[in-house]
Amino acid sequence: MLEIRNLTKIYEDGTLAVDNVSFTVPDGEFLIVIGLSGSGKSTLLRCINRLIDPTEGEILWNGVDLAKLEGDDLRKARRKIGMIFQHFNLVSRSSVMINILAGRLGYARTWPTLLHQFSKKDREKAWDILRRMDIEDQAMKLARELSGGQQQRVGISRALMQDPEMILADEPVASLDPVLAHSILNYLEKLNKEDKLTIICSLHYLDLVQRYATRVVGLRAGKLVYEGTREDIRKMTDEEFKSIYGEEAERITDGIEGALERSELQ
Amino acid sequence: MKSKKQQIYKPKPSLPSLVPPWLAGVLSAILPGLGQAFARQIRRGILILFSFATIIGLLVWRFRLAAPRDTGFMNIVNKAIYLQPLLTGITVVVGLLYLANIYDAVKLATIAGKPEKSKPFLIFIMLILAFFLLGWQIGQIDLYTLTTSFGDAGPALSRVLWPWSRAISFPEDTWRGIAVLETPCSDNPPPPTATLEDRPYLVVDPTCGEPTIQQATDNSGVEIIPGTTLEVKGYNFVPGVVVDLWWIDPATSQFRQRQEGQNVNVIPDENGEFTIDIIWPYRIIPPSYREGVSEWELQGRQITNVGDWEFSAEFNLAVEKMVETIFIGMMATFFGIILSLPFSFLAARNLMSANSFMLGIYYLVRLILNIIRSIEPLIWAILAVIIVGLGPWAGIIALTIHSIAALGKLYSEAIESINSGPIEAITATGANWFQIIVYGVIPQVIPPFVSFTIYRWDINIRMSTIIGLVGGGGIGYLLTQWIRVLDYRAAGIAVWFIALTVAILDYVSAAIRERFT
Ligand SMILES: Nc1ncnc2c1ncn2[C@@H]1O[C@H](COP(=O)(O)OP(=O)(O)OP(=O)(O)O)[C@@H](O)[C@H]1O
Ligand SMILES: [Mg+2]
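Which chain is which? The protein sequence lines are A and B, in order. Anchor point for the first sequence: position 139 equals 139 in our numbering, and the numbering is continuous, going up by one each time. Anchor point for the second sequence: position 213 equals 1213 in our numbering, and the numbering is continuous, going up by one each time.
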């Protein structure tokens, strides 16, 4: 269980990005964070695994306050939290295999890893995940040679290498077309349902939110302005959606189904 | 409150002058720039005042320097203008500058408050002209010698530009024919030289006699008593090749036979024989060698080429030192890379902003690198020569120090400009600092690092020729030595080698860098 209490982040330049936000995420939820561009979604997610240090507040995860951890304790906590990114954040000049094995760095001994040496177990694990993600034959390519959808699957593979208990996904499908978006979120849903991983994901499109979320929180100018269950979101109209998002919000044309049908027709 | 703020931001030219134009002119005549200041152009006034004061100061100093030993105002001025006519021109320009300053003040006071009128700029033209002329005088610029002395420099220049006759040499051999003579004549003078079969020899008649004597006369003149006339016959010399006549006196020092101010030489006929009459020359002999009968030796020397051409000693030395230079540059680059790598990571802000301790290290390393970089390699070389002595090692040390600073800066900037996404991702896996560097940073910085390194190698090789000038080994050292002994052809060979190497290097480094970007 993740419990966020009075989280506030003020950047050095004075920007108030997250403003006194509190909510709880029971284990096994697929929580989707919605909000306009600049509303603080990325900042919130990054505070959870401390890529950004929160200014104030507590982040209690299974009773431990992540906001107070330092050094080795922080690294140990990070190992259990996988993260995937909008722009995949792969090391483009390294091979897919190395990118995936990097997910194991928090567990492996430092000196061998500096020479790219990993245990046999780690390597086998990497192959398993590659197979599961259906990118086995890309393993020896450079990350930059892959398509966007393949790159995001490498990103997920890297997160899975961590044996995570929770996955943070910062707009994981925003750089992908609707069909790929769907397939990536399907993977995440599978991890959520089958492996019982807690997933915290920021998204833009109402269709996707309605389809995958088990819970939703909405941010506006850093403040928590909406909290709802699966049922609440299913009932949500475009107008309600826009009240959180503002006028910029939009659906994918024809919705996801429409896009899927079109891709099947071709 | 509000109105006050508005006043501050009001454009200044819209205010009228504080004084009428004529008064502005008078004020500027008293103190250049003062009139402008009163016409509400304070900054312009200050600029004019300081420029004018600087120019006057420099002018006085140059007059004083041109006539350092004179006293009295007029004496100094006359002497200085006589020696340095340009000073007259500068004085005239400074006078015009003074007038332009008055005109400027009057004009500014007139147009003050009328923003549509543009300000006069004559004063600035005069200022630039004055500084330009002063620079010309201080820099001792002399287009006349530049153009006229080209002719005198011609021979030396042509040797430098086309030095290749010095690049090859022919192996030489000296043929000697010898005869032994005695002075003074004793009861048994030496026998004529024995006939030799296949080696040259001299036969001298007579085989004993008296050298020329110089002695002081009573009326402090010098009286010369010519020595014995010797008939020298040479045999078995190489036909057609000049034979020089050399003496070896009883003190075994060598000197050439001179007559009428010329070295005596002779060309043997087709049989390799010659005959020549010479006078036994004058020579100061240490007293200890003059006791009793002393022996003189006459030699006929012939220098002949044997065998094919070969590279001259200078050419070989230039090659050797060029190679040394390239390797000085290479080793300095090599050490520079190794030593600058750790610094570059410590001097990259994006890697060192985790906490204030790391940030402190970052600032410290930056400071050190900046200080080292601001000192020229030439100065490092001088220091290194003091410590380890002349030679390539000093050059390597100097260039290494400079490379550490230069590469450290370039590398750290490359690190700072990398994509932060992968680093974020690697950090999120729970990796530590070293792992983040190896997995997130290094793969991203390899291309720029390769490019910078090649570029540095290129620079280091160019610089090692310069470093050589102060004793840092390599071809630069050789070049200065040859220039000092006026061996322009040898120096030319060195210059050619440097130019060729730099050109080749330029091409190679561009080609390699292209591959990595
Ligand atoms: N490093 C930073 N320094 C200063 N301000 C920042 C920094 N990063 C983000 N911000 C500001 O914080 C606010 C929240 O940014 P954040 O990236 O969290 O928004 P977001 O909801 O993720 O937006 P998007 O949907 O565009 O990704 C914005 O106003 C942004 O300008
Ligand atoms: Mg974001």
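Hints in this document: simulated from the structure, not taken from any laboratory. Note that the structure is predicted; figures quoted are calculated from it, not measured. Glycine included, every Cβ here is placed at the ideal spot set by N, Cα and C. Warning: the hint list may mix true and false statements.
The list that follows gives simulated cross-link-like pairs (lysine to aspartate or glutamate, EDC-like), each with its CA atoms no further than 20 Å apart [what the hints assert, rightly or not]: (1) A/Lys120 - A/Asp163; (2) A/Lys125 - A/Glu194; (3) A/Lys76 - B/Glu1424; (4) A/Lys80 - B/Glu1424; (5) A/Lys120 - A/Glu136.
Pulled a few chain A residues facing chain B out of the computed Cβ check, cut under 10 Å [claimed, not checked]: (6) Tyr11; (7) Gly14; (8) Leu16; (9) Asp72; (10) Asn99; (11) Gly103; (12) Arg104; (13) Tyr107; (14) Leu115; (15) Arg123; (16) Lys125; (17) Trp127; (18) Leu130; (19) Gly148; (20) Ala159; (21) Leu168.
These stretches of chain B come out as covered by chain A in the derived footprint (C-beta under 8 Å, 3 or more residues) [said to hold, decoys possible]: (22) 1111-1120; (23) 1421-1428.
Now the hints, each set against the structure:
no.: 1; hint: A/Lys120 - A/Asp163; in the structure: holds, 16 Å
no.: 2; hint: A/Lys125 - A/Glu194; in the structure: holds, 18 Å
no.: 3; hint: A/Lys76 - B/Glu1424; in the structure: holds, 16 Å
no.: 4; hint: A/Lys80 - B/Glu1424; in the structure: holds, 16 Å
no.: 5; hint: A/Lys120 - A/Glu136; in the structure: holds, 17 Å
no.: 6; hint: Tyr11; in the structure: violated, 13 Å
no.: 7; hint: Gly14; in the structure: violated, 18 Å
no.: 8; hint: Leu16; in the structure: violated, 21 Å
no.: 9; hint: Asp72; in the structure: holds, 8 Å
no.: 10; hint: Asn99; in the structure: holds, 9 Å
no.: 11; hint: Gly103; in the structure: holds, 5 Å
no.: 12; hint: Arg104; in the structure: holds, 8 Å
no.: 13; hint: Tyr107; in the structure: holds, 8 Å
no.: 14; hint: Leu115; in the structure: holds, 9 Å
no.: 15; hint: Arg123; in the structure: violated, 16 Å
no.: 16; hint: Lys125; in the structure: violated, 14 Å
no.: 17; hint: Trp127; in the structure: violated, 18 Å
no.: 18; hint: Leu130; in the structure: violated, 17 Å
no.: 19; hint: Gly148; in the structure: violated, 14 Å
no.: 20; hint: Ala159; in the structure: holds, 8 Å
no.: 21; hint: Leu168; in the structure: holds, 8 Å
no.: 22; hint: 1111-1120; in the structure: violated (count 0)
no.: 23; hint: 1421-1428; in the structure: holds (count 7)
Of the numbered hints listed earlier, those contradicted by the structure are 6, 7, 8, 15, 16, 17, 18, 19 and 22.
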